[in-house]
Amino acid sequence: MKTNTITFPTQKTIDYSSLSLQELLICIVQESDADALAEFHNRSVFKTETGKWICFSGFLNTLSQQASSYDWKDSVVEKAREMILAKFLQFPDANGKGVDCRKYFQAVLSYYDKQPSTGSDIENEFLLCSLLQRFLCRHQQFSLREAARTIDVSRYTWTSETGSLQLLIPRSISGSERRVWLEKHIPQALRTNRREVQALIDSQFSSSSTVSIEGNPQLAVELTSTDAPAGIVEHLGRDGLIETLVSEKQDRIDSLRPAVRRLGNALGEMIRDIIDGITSGETNDLEIAKKYGITPSTFSRFAGSNWRSGNVKQVPDLWKNLASLLSTHVAFREAAQHSGVWPTIESITGGKNS
Amino acid sequence: MKDILTPIIEAYNNGGTKEELEQALRSIAENKTIPAPQQNQFQTLMELIALEASRPCVLFFEDTPISWFDLSSNITTFDFTLTSEGQYKIQLITGRMLWKAKLSKQDVFIHREEESLPAAAETDESETAKYQLVDGLSLNIIPGIDRGILRITKQ
Numbered sequence: 005m006k007t008n009t010i011t012f013p014t015q016k017t018i019d020y021s022s023l024s025l026q027e028l029l030i031c032i033v034q035e036s037d038a039d040a041l042a043e044f045h046n047r048s049v050f051k052t053e054t055g056k057w058i059c060f061s062g063f064l065n066t067l068s069q070q071a072s073s074y075d076w077k078d079s080v081v082e083k084a085r086e087m088i089l090a091k092f093l094q095f096p097d098a099n100g101k102g103v104d105c106r107k108y109f110q111a112v113l114s115y116y117d118k119q120p121s122t123g124s125d126i127e128n129e130f131l132l133c134s135l136l137q138r139f140l141c142r143h144q145q146f147s148l149r150e151a152a153r154t155i156d157v158s159r160y161t162w163t164s165e166t167g168s169l170q171l172l173i174p175r176s177i178s179g180s181e182r183r184v185w186l187e188k189h190i191p192q193a194l195r196t197n198r199r200e201v202q203a204l205i206d207s208q209f210s211s212s213s214t215v216s217i218e219g220n221p222q223l224a225v226e227l228t229s230t231d232a233p234a235g236i237v238e239h240l241g242r243d244g245l246i247e248t249l250v251s252e253k254q255d256r257i258d259s260l261r262p263a264v265r266r267l268g269n270a271l272g273e274m275i276r277d278i279i280d281g282i283t284s285g286e287t288n289d290l291e292i293a294k295k296y297g298i299t300p301s302t303f304s305r306f307a308g309s310n311w312r313s314g315n316v317k318q319v320p321d322l323w324k325n326l327a328s329l330l331s332t333h334v335a336f337r338e339a340a341q342h343s344g345v346w347p348t349i350e351s352i353t354g355g356k357n358s
Numbered sequence: 046m047k048d049i050l051t052p053i054i055e056a057y058n059n060g061g062t063k064e065e066l067e068q069a070l071r072s073i074a075e076n077k078t079i080p081a082p083q084q085n086q087f088q089t090l091m092e093l094i095a096l097e098a099s100r101p102c103v104l105f106f107e108d109t110p111i112s113w114f115d116l117s118s119n120i121t122t123f124d125f126t127l128t129s130e131g132q133y134k135i136q137l138i139t140g141r142m143l144w145k146a147k148l149s150k151q152d153v154f155i156h157r158e159e160e161s162l163p164a165a166a167e168t169d170e171s172e173t174a175k176y177q178l179v180d181g182l183s184l185n186i187i188p189g190i191d192r193g194i195l196r197i198t199k200q
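Those protein sequence lines, which keep their order, are chains A and B. In terms of the working numbering, the first sequence opens at residue 5 and continues consecutively. In terms of the working numbering, the second sequence opens at residue 46 and continues consecutively.
To be clear, the hints were calculated from the coordinates, so they are not data collected in a lab. Do not rely on the hints blindly, as some may be mistaken.
What the hints assert, rightly or not - Calculated lysine-lysine pairs in the DSS-like style (CA-CA distance at most 25 Å, straight line):
no., chain 1, residue 1, chain 2, residue 2
1, A, Lys83, A, Lys51
2, A, Lys56, B, Lys145
3, B, Lys47, A, Lys294
4, A, Lys317, B, Lys77
Sequences are here, hints too, so could you generate the full structure?
Below, the structure written as structure tokens:
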């Protein structure tokens, strides 16, 4: 929708604070501009669940805290945090080696360029913010799996009749079991090829999506149609509200609470049951929780009908998600404004949460 | 949630046009039989949506935030009182600067020795400093006797 070529002065006379986010990212990607990168990290382009706008490092801390509360080991969360920081902070060294933040920013810019124009400079700014946030959230899930894979393995020298191989084996397999496992699962023909043997081990013990992304970040962590307002609106028009909500939740299942994440493909079915129960007037939180094997408290946090905990408002995840989805639809926003139900925002420091 | 969700889901099933959605939202707002807890949930849902869709901008004086406004609201003119000369700027909440200027005494205040001092709102438009920002936003500095006005107008 937008040109990706902007001419910047050759001398350092740029007032970075007045650049749009897109211009800043182009400076980083095309000019390897460290000042533009510093300006990016000073900006509050990420939005928390409570509506507070914060900078990259603050948002990454929020994501890390959430991951810890979602049963990820602290060592894995910390490792993932370090990996993400490098991806969004580092330029390669003089020899072109090392993590290259330009690849990651370029991946977001490329997706942004494919979006239909909003026709507004300010809307474009917020669109790019939301795409960056979705990209970072997806990278965190990816990095957590990567970190878990690298932290939970140790080196092992496998000596067989064909020679010795240095391999990375999950710590869950003890020393004596390793040889047994390898001899049982690794075909004779492969035993001289360390790379293929390692790939077989990885495929047995790791998530299928744990692949190295240094070569091609776009392929490893992709934004999808549920990450962009235009995609959501298209879903709404084609599939209706419920199926759009299902697609969006299913598409982001990795970032949900562990008990809900474990539902896998049944998550969509549960959401349909929840909404059917509500619209038919036969809703029963406990019955649905029992049917899907989740505890009443987990169900309550995910889609409960009670939105208060004591005197504090606590909107369950699914309804927050519904609000987020509807907010991207211009027709809904205009309808809300015209029908007089659009409230006035009273605070920009965290919304109205109590 | 039944009385809230059903009309909205049906509106989307019927095409999800602005008209369909407006009718659905009106039917919820005007339905006096909805129990209070559900009315509160509807209000909360709308607040969350408005918060998600908000486009806040912040007014700074000498690098200190002094006020803010939401470009996504229905309001088309935002007025802010200026009590001092100095450095003012407006930023999107994300940190992108939309406008910055050092305003002098003459920019903010009308000279006290002048006779028949006009109220700020009655100041001749030609006496005001005008700036064009992005997306057709305009910014006027209207000097006054004791205080000036910084006015943002949406197109």
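*Run the structure past the numbered hints and jot down the numbers of the failing ones, going up.*
none
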